[in-house]
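Build the full structure now, drawing on both the sequences and the hints.
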Amino acid sequence: PLLQIQQALNSSHTNTKPPPTSDATTTMNMPSFLPFFHTKCDSSVPQPPPLPPLGGGGGSSKSGESATKSPPETIDTTSAPPPPPATSTTPADDDISKAAAAVSSCPNPGPLEGATWDVRRLTTLDTYDGVRVDISKQLSPFFAVVHSFHLGTTMLPDGKNSSYGFTTQMNDEEGFMMARVDPERGTVDGRIHKALLGGLAMAKLQVGASSEGANDQLLGEIDLGAQTWTANLKYGSMGGGNVVGCNYFQSVSPRLAMGGEGMYISANGNMMSSYTAKYFLPTAAGEGDDKEGLSAPAAGPPGEPPSYLAATYNAGQGMLSLNYKRAVTPSRVNMCASLECSPVTLESQVVVGAEFNLTRSKMNLCVDGTGRIQSVLEAKLGREPGSPALNFAAELDHGKSLMRFGYGLNIGS
Numbered sequence: 001p002l003l004q005i006q007q008a009l010n011s012s013h014t015n016t017k018p019p020p021t022s023d024a025t026t027t028m029n030m031p032s033f034l035p036f037f038h039t040k041c042d043s044s045v046p047q048p049p050p051l052p053p054l055g056g057g058g059g060s061s062k063s064g065e066s067a068t069k070s071p072p073e074t075i076d077t078t079s080a081p082p083p084p085p086a087t088s089t090t091p092a093d094d095d096i097s098k099a100a101a102a103v104s105s106c107p108n109p110g111p112l113e114g115a116t117w118d119v120r121r122l123t124t125l126d127t128y129d130g131v132r133v134d135i136s137k138q139l140s141p142f143f144a145v146v147h148s149f150h151l152g153t154t155m156l157p158d159g160k161n162s163s164y165g166f167t168t169q170m171n172d173e174e175g176f177m178m179a180r181v182d183p184e185r186g187t188v189d190g191r192i193h194k195a196l197l198g199g200l201a202m203a204k205l206q207v208g209a210s211s212e213g214a215n216d217q218l219l220g221e222i223d224l225g226a227q228t229w230t231a232n233l234k235y236g237s238m239g240g241g242n243v244v245g246c247n248y249f250q251s252v253s254p255r256l257a258m259g260g261e262g263m264y265i266s267a268n269g270n271m272m273s274s275y276t277a278k279y280f281l282p283t284a285a286g287e288g289d290d291k292e293g294l295s296a297p298a299a300g301p302p303g304e305p306p307s308y309l310a311a312t313y314n315a316g317q318g319m320l321s322l323n324y325k326r327a328v329t330p331s332r333v334n335m336c337a338s339l340e341c342s343p344v345t346l347e348s349q350v351v352v353g354a355e356f357n358l359t360r361s362k363m364n365l366c367v368d369g370t371g372r373i374q375s376v377l378e379a380k381l382g383r384e385p386g387s388p389a390l391n392f393a394a395e396l397d398h399g400k401s402l403m404r405f406g407y408g409l410n411i412g413s
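Heads up: the sequence shown at position 360 corresponds to 360 in this note's numbering, and the numbers run straight through without jumps.
Worth flagging that the hints you see were computed from the coordinates, not collected in a lab.
Do not rely on the hints blindly, as some may be mistaken.
[To be verified] Below 20 Å or equal to it, Euclidean Cα-Cα: the simulated PhoX-like pairs (lysine-lysine) are:
1. K194 <-> K234
2. K400 <-> K380
3. K362 <-> K137
[Said to hold, decoys possible] What follows is a set of in silico ranges between Cβ atoms, one per label pair, in the way DEER data are often shown:
4. S331 <-> G369: 27 to 33 Å
5. S140 <-> L256: 40 to 46 Å
6. M178 <-> Y279: 30 to 36 Å
7. K137 <-> L396: 32 to 38 Å
8. P388 <-> S237: 37 to 43 Å
9. H398 <-> N171: 41 to 47 Å
None of these values were measured; they are calculated from a predicted model.
Every residue, glycine too, gets a C-beta built ideally from N, C-alpha and C.
As structure tokens, this is what we get:
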């Protein structure tokens, strides 16, 4: 077979007849008895497909006409929002609208005694010397006891340098009761607060008794309040005679509150009266979350009122007191100033105080016009509720050459 293949190849090379040619390309025809020598290159090149018509469809006129037509519009399958429901007035809506219309824009100003409570707290610091230890024990969710020790101090009367006090307190949802016994001085102090009329009124009873009986006192009070005002009535025995008094505090506008207090002491026949005006300052940009520039005043000492300016005139003593409180950083930095002056004698006294609340400590500082400096530092020794707290107190009076330093420890809740 190899000889036959060689002869066939020689005969193909010696053939003088030119092979057939085509318009596209020239192909070489291999013998039919050699099928395994055929490749894809030996086959003829296929003709390209015909170009489509310009209309994009077939050659018929109908396809041309359909190509010129605009594409069909897309149908929006999204449903339109439903129409608003028909407005109907019901008795419940009428009651809500009436209640909203009855709400006044003037907030409750809180009790008159607490009008300048936070200023007094920052300008009258509880400084001491020696060692003060308070040990608290929560016996039940409603009952607690406190043991108070004060050692190595020169602030006690009769030249004593130590004292001990035992305090009990019971709290519930409607009030609390508290009593304190001082065995060294032979005194008992008690206080009872009780809510009445479902919280519309608060009854208070204050009792103080001693072994001598000269400073015994009994005072009963009733606090009343409504949406825009508070009032207080008091009656009791103090200083060897009866005491009768009342006060009233009214919000005149969302920023202004005014009130007054009167008291009669039968022991010396004195009639005391005072008048108070308190103006809440607009909140500066970036201070707190009050977007309208006005924060609602707090009802009493536990809250933190916004920046304000208060004036109190004591007609019996002829003293005018101006108090200013500024919340530099809410719940962090507070500053205040107090000015007491006599319009008749022009005697005056000024005190400036500041408070800095940190994560686990608090620093209070105040300076008065005579150069006396007071400071109290409180540091928490733990993050859990009821962790011990360490206190440092100092008082420096260069005018009187007086220096006092003390530290204290609070243990328990």
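Now for the hints, and whether the structure bears them out:
1. In summary, the hint linking K194 to K234 is supported, as the alpha carbons are separated by about 15 Å, within the 20 Å threshold.
2. About 33 Å separates the Cα atoms of K400 and K380, which puts this hinted pair outside 20 Å; it is violated.
3. Under the criterion of a C-alpha separation no larger than 20 Å, the hint pairing K362 with K137 is inconsistent with the structure, at around 23 Å.
4. The hint said 27 to 33 Å for the Cβ distance between S331 and G369, and at roughly 29 Å that hint holds.
5. For S140 paired with L256, a C-beta distance near 45 Å keeps the hint of 40 to 46 Å intact.
6. Here the CB-CB span from M178 to Y279 is close to 34 Å, well matched to the stated 30 to 36 Å.
7. Taking the beta carbon of each, K137 and L396 are about 35 Å apart, inside 32 to 38 Å as hinted.
8. For P388 and S237, the hinted distance range of 37 to 43 Å is satisfied, since their beta carbons lie about 41 Å from each other.
9. For the pair H398 and N171, the beta carbons lie near 44 Å from each other, so the given range of 41 to 47 Å is met.
Checked against the numbered hints given earlier, the structure breaks hints 2, 3 and satisfies all the rest.
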